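Engineer: Protein sequences appear in the order of chains H and W. The numbering of the first sequence is the numbering used here, which starts it at 1 and goes up by one. The numbering of the second sequence is the numbering used here, which starts it at 1001 and goes up by one.
It is possible that part of the hints are untrue.
Said to hold, decoys possible - With a straight-line Cα cutoff of 30 Å, these simulated DSS-like cross-link-like pairs (lysine-lysine) come out:
no. : chain 1 : residue 1 : chain 2 : residue 2
1   : H       : 6         : W       : 1239
2   : H       : 39        : H       : 231
3   : W       : 1186      : W       : 1239
4   : H       : 39        : W       : 1118
To be verified - Here are the simulated distance ranges between beta carbons:
no. : chain 1 : residue 1 : chain 2 : residue 2 : range
5   : W       : 1278      : H       : 170       : 16 to 26 Å
6   : H       : 321       : W       : 1220      : 37 to 47 Å
7   : W       : 1218      : H       : 324       : 39 to 49 Å
8   : H       : 324       : W       : 1136      : 50 to 60 Å
9   : W       : 1220      : H       : 15        : 44 to 54 Å
10  : H       : 321       : W       : 1065      : 40 to 50 Å
11  : W       : 1156      : H       : 237       : 46 to 56 Å
12  : H       : 324       : W       : 1308      : 25 to 35 Å
To be verified - If you only want the chain H side, here are some residues facing chain W, beta carbon under 10 Å, derived:
no. : residue
13  : 6
14  : 84
15  : 106
16  : 110
17  : 145
18  : 148
19  : 150
20  : 162
21  : 164
22  : 166
23  : 319
24  : 322
25  : 323
26  : 324
27  : 327
28  : 332
Bear in mind the hints are in silico, worked out from the structure with no lab data behind them. None of the values given here were measured: they were computed from a predicted structure. Think of the CB as a built atom: it goes at the ideal place given N, C-alpha and C, for glycine as much as any other residue.
Take a look at the letters that make up each chain.
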Amino acid sequence: MLRLEKRPSPSAFWQWATPVLAVVLTMIAGGIMFALLGKNPVEAIRTIFWDPLFNEQFAAYSRPQLLVKAGPLILIAVGLSLGFRAGIWNIGAEGQYIMGALFGAGVGLALYPVETRWVFPLMVVAGIFGGWLWAMIPAILKTRFNTNEILVSLLLVYVAQNVLASMSLGLLRNPEGGGFPGSRNLGQIPAMANPELIPGTGMHWGVIAAFMVVIAAYILLQRHILGFQIKLAGQAPRAARFAGVNPQRLVLLCMGISGALAGAAGLFEVTGPSGQISIDFNVGYGFTAIIVAFLGRLNPIGILLAGLLMALTYIGGELASFMLGLPAAAIQAFQGMLLFFLLAVDLLTNFRIRFGTRKEAL
Amino acid sequence: MDIGGINPAVLIASLMVASVPIILAAIGELVVEKAGVLNLGVEGMMIMGAITGFATAVATGNPYLGFLGGAIGGAGLSLVFGVLTQFLLANQVATGLALTLFGLGLSSLIGQGYVGIKPPLTENVPFGPLADIPFLGTVIFDHDWMVYVSIGVCAAVWAVLKYTRLGLILRAVGESHDAAHALGYKVVRIRMLAILFGGAMAGLGGAYISLIRVPQWTDGITAGAGWIALAIVVFASWKPWRVLLGAYLFGGITVLQLNLQAAGARIPVEYLSMSPYLITILVLVIMSSGKGKAALNAPAALGQNFHASR
């Protein structure tokens, strides 16, 4: 008989080994899925994970894309991970991402055609504010009325999507766009653009912000009292209250930080890679970031690596759909599968698997 | 008898139809939560039910087999959730989210060949002359089977939870799994069955959307219905009849805003479409702020994993 035995403390080895094991298992299960779709599984996996980086034909285009796609994922996931650690579930990052982009682009477009270099920083501030504001709705409802933040933050995504539709068809529509939906192309207005800073790397301001946030979050969690409180509140809520942790303040802070970072990610995206506000400029980074946060084990450094890997699946997925005709939805299912395996093998971190019947404890 | 271009009898009849997916998914989730399990993957199970149901109905030409297929699809995905949370002790919130993300991807993958196809028609229940009664005929006696099934399921769940031994055991497991375990009940087995029931109901609700409510297949067809079903369970403070009430309230708002859109109201379409979500949030706030009464009704072991250490 198989039996589970709780470890006295989580295994340090498995803490790092489980994400790797999960990726390997996902590759196997994903390969089976691709085989069922009538594709050569080995070729598909190679196209997704190897070709974007090392194939001479595609790497020149794909490598810079890695940072472009990983930037927003890391930025959002680091914010989410703080809340997840404290047991505060902000799953509406997609909505905060949209609102950040709308606020930032709104400020920029209101100033159009002012040409000073202060416009972009102002837009960044507005984007951060927009995301923060949108996250404050579930946060304040949670602290004031004890409303479930999971449901409210998620339902607000649908509201944000409708606001986005309204804005790109109405208020923010390009007056010179010939009636087509979508705003002016922010990427082509020098004062508002978020360009590639070093040619051929994909490095833009959002990626730099993501790296800075990773470092800041690492210091926060390792060295700052707030980081300690976040970890304590998640692991032992009662002990945290005795230690003087104010749970309300923690909700406001964690939701606020994650919202602000998601808003910033939205602004960097809309001024850079996406270029304009349009009905569907958001591609679900806010949801994928949840997978990234867990894959990185809610650890800033882990999230950095997980973000790069998840970006690779996006790029590899595009390549596979172009080269092998693999449906785009297959990659979405693949990413979901990764989270499943991750949660499944996480068992090994906290439990030992024993064979045979139980021995009497002394 | 029209008010602002909207006929009240037709409005009530269509709100009953609009509520069916939410009633089914919410009543299933209610049973799951009564057993102490929080499955946030309702949206994913619904959309899986929507596509498997649609595919089955198209393949067999029989809508009722389609509903069966939808229920199996939803239950199949919930099985993954059950194994992960009950046997591998994974975090329920995270696993539920994974279920939704995976379900959205997989459903769109399966659904690729089904875009633009019409499903077989589901016929209304033949009530004969009853359907000709003015007002009541349109409101009550002019629906497909599933409308009555959804009400029947609500009644059945209410009766089982309130009057049967099975209901008592289910509630015991949800209130204190340790006590239930000590009494000799198989906590994991009971929870697995509840999870499967919840998945089947969510799948049935999803199949209703793709087979009757819309009726066709598009990506992301459930559009947050699963999340609203989760909110309705909180709104109902875990009471089956209130699920019906909450779902009808929500269905009413959905239908009303659609009618207002069609009638060309001066409110922009986007603001009308966001209204059901906003009102759901408002209702959640009202329910949770009521001096913690609703919260007291929540099963005590909700969201906690069970590991028999002794």
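Engineer: Please check whether residue 148/H passes as an interface residue: C-beta within 10 Å of a C-beta belonging to chain W.
Structural biologist: 6 Å, holds
Engineer: Is it true that the C-beta distance of residue 1218/W to residue 324/H lies inside 39 to 49 Å, as the hint says?
Structural biologist: 25 Å, violated
Engineer: Using Cβ atoms only, decide whether residue 327/H comes closer than 10 Å to chain W, and label the hint accordingly.
Structural biologist: Result: holds, 6 Å to nearest chain W Cβ.
Engineer: Do the alpha carbons of residue 6/H and residue 1239/W lie within 30 Å of each other, as the hint requires?
Structural biologist: 36 Å, violated
Engineer: Holds or violated: residue 166/H as interface residue toward chain W, Cβ cutoff 10 Å?
Structural biologist: 4 Å, holds
Engineer: Report holds or violated for the interface hint on residue 145/H, using the least CB-CB distance to chain W and a cut-off of 10 Å.
Structural biologist: 4 Å, holds
Engineer: Is the interface hint satisfied for residue 6/H? The criterion is a beta-carbon contact with chain W at less than 10 Å.
Structural biologist: 7 Å, holds
Engineer: Interface hint check: residue 106/H, Cβ to nearest Cβ on chain W, cutoff 10 Å. Holds or violated?
Structural biologist: 16 Å, violated
Engineer: Does the nearest C-beta of chain W fall within a distance shorter than 10 Å of the C-beta of residue 323/H?
Structural biologist: 18 Å, violated
Engineer: Measuring from the C-beta of residue 332/H to each C-beta in chain W, is the shortest one below 10 Å?
Structural biologist: It holds, given that the least Cβ distance between residue 332/H and chain W is near 3 Å, below 10 Å.
Engineer: Per the CB criterion, is residue 324/H less than 10 Å away from chain W?
Structural biologist: 14 Å, violated
Engineer: Falls inside 40 to 50 Å, the C-beta gap from residue 321/H to residue 1065/W?
Structural biologist: 33 Å, violated
In terms of the numbered hints stated before, the structure departs from hints 1, 2, 6, 7, 9, 10, 11, 12, 15, 16, 23, 24, 25, 26, listed from lowest to highest.
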